[in-house]
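Protein chains in written order, with the numbering used here: chain D, 119 to 356; chain V, -10 to 91.
Please keep in mind that the hints were generated in silico from the structure rather than gathered at the bench.
A portion of the hints provided could be inaccurate.
Examples of chain D residues lying across from chain V (beta carbon under 7 Å, computed) [stated by the list, open to error]:
| # | residue |
| --- | --- |
| 1 | T166 |
| 2 | S182 |
| 3 | I193 |
| 4 | D209 |
| 5 | W218 |
| 6 | F222 |
| 7 | C311 |
| 8 | Y314 |
| 9 | I328 |
| 10 | S336 |
Backbone N, C-alpha and C fix where the C-beta goes; we use that ideal spot for every residue, glycine too.
Residue strings, one per chain:
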Amino acid sequence: MSDYKQGLRDGIPIALGYFFVSFSFGITGVAQGLYWWEVTLISMLNLTSAGQFAGMKIMLGGGSLAELAISQLIINLRYSLMSISLSQKVDGKFRGASRWALGFGITDEIFGVSVNRDREVSRSYFLGLMTLPYLGWSGGTLGGGVFGSILPAGITEVMSIAIYGMFLAIIVPKAKSDLHVLWVVLIAAAVSCLLYYAPVFSGVSVGTSIIICALAASTIGAILFPVSVTEEKTGGAA
Amino acid sequence: MKLTEFFTALAVMAAVTYLVRALPFGLMQRKITNRFLQSVLYYIPYAVLAAMTFPGILYCTKQMLPSAVGTGVALVLSYRGRGMVTVALAACAAVGLMMLIL
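Just chain D, same shape as in the assembly:
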C-alpha cells in the first residue's frame, strides 16, 4: 500500500471524531450570530478546536485584535512543541516548501498518529493522514452551520455541550494518569471560576481570562512539577 493510502486510512477515525465535534462548532457559531459560511471559513483556515472556539467568543464579544492574537498564540503554542517534535521524525525528503505547506495540518490527533508511527514520516503519508480529518472538520462545520439555522433551538442547545465533552475526554484521562496535570487543571479551573464569579473581575474578557488562567496554571505547574527533559512528553489536546 502506498504511503498516501496508508495515511488516508489512518486518518479515518480522526476524521469521524472531527466531523462530530465541528458539527457542534458550526451549530454554536450560527446560534451565536455568525453566518454558516463564516463558521465554515473559520474551520477551513484554522483547523483547531480550542483556538477556534475561544477565537469565536472573542470575535463576537467585540474583543480587540491584540487579545485575539495573544489568545490564539497561547492556546495554540503546543503546536510549536509538536511541530518541533515532528521535525525530528520526518524523512529526508520532507523539507523546505513541503514543510511550510503541510505544517498547516499539525493538530493534536494528526501529530499523535504520525509520531507514533513505527517508521519515518514521509510527505505523502502526512498529506494522506491530514486529508480526511481536514475534510471532516470543514464539512462538519458546514453541516452544523447549515442545519444549525433550521434545527429547532432545543437541539442546538443539547449539542452545545458536545465540545466541552470533547475537552473533558482529553483532560480527564491525562489528569488521572498524571497527578501533576490534575493539579494544573484544578488551578486553571479555579482561577477561571474566580475571574468569572468575582465581581472585581467582571471587566475581564473571555480572551484575557483564558490567557491569565493558562499562563498562571502552567507556570505554577512548571515551577512545582518540572517535566523531565529526557521524557518524551507532548500535549494531547485538540
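Given the structure of chain D, go ahead and fit chain V onto it with the hints provided.
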C-alpha cells in the same frame, strides 16, 4: 458583526495559528532543551482546556441542571477512558433527557 471586522479577525486568527505550527516545523532543527519552557508547554494545553470548560460548561443550556447532569456524565465516562465521540454524545444525550424531563 460587520464583514470587514469578521475578515480582519479571521485573518489574524488564521495567521497566528498557521505561524505557530509552521514556523517551528519549517525552521527548527533541534529540540527545546530549557526545562522550564518545556514544562510550561507541556502543561498549557490542559490548563487552556480546563479554563475553557469551567465554568462555561455549566452555562451551555438555559437552565443549569441539564448542563450539570451532562457534565457529570462526561466526567464519569472520560474517567473510564471512553473516547471523545462517546463522551460528547453521551453528554448530549444526558442534557437532552434532562431537558425533556424538566
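Structure-based check of all given hints:
Interface restraint check: T166 (chain D) against chain V, minimum CB-CB distance 6 Å, threshold 7 Å, status holds. Taken as an interface hint, S182 (chain D) does not check out: its beta carbon lies about 10 Å from the nearest beta carbon of chain V, beyond 7 Å. With its C-beta approaching chain V no nearer than about 5 Å, I193 (chain D) sits inside the 7 Å limit, and its interface hint holds. Checking D209 (chain D) against chain V: minimum C-beta separation of about 14 Å lies over 7 Å; hint violated.
Hint status for W218 (chain D): holds, given a least beta-carbon distance of 5 Å to chain V, under 7 Å. Because the beta carbon of F222 (chain D) sits about 6 Å from the nearest beta carbon in chain V, less than 7 Å, this interface hint is met. This hint holds: C311 (chain D) has a C-beta 5 Å from the nearest C-beta of chain V, less than the 7 Å allowed. The restraint placing Y314 (chain D) at the interface with chain V holds, with a minimum CB-CB distance near 5 Å, inside the 7 Å limit.
The interface hint given for I328 (chain D) holds, since its Cβ lies 5 Å from the closest Cβ of chain V, which is under the 7 Å cut-off. For S336 (chain D), the suggested interface contact is upheld, since its CB lies about 4 Å from the closest CB of chain V, less than 7 Å.
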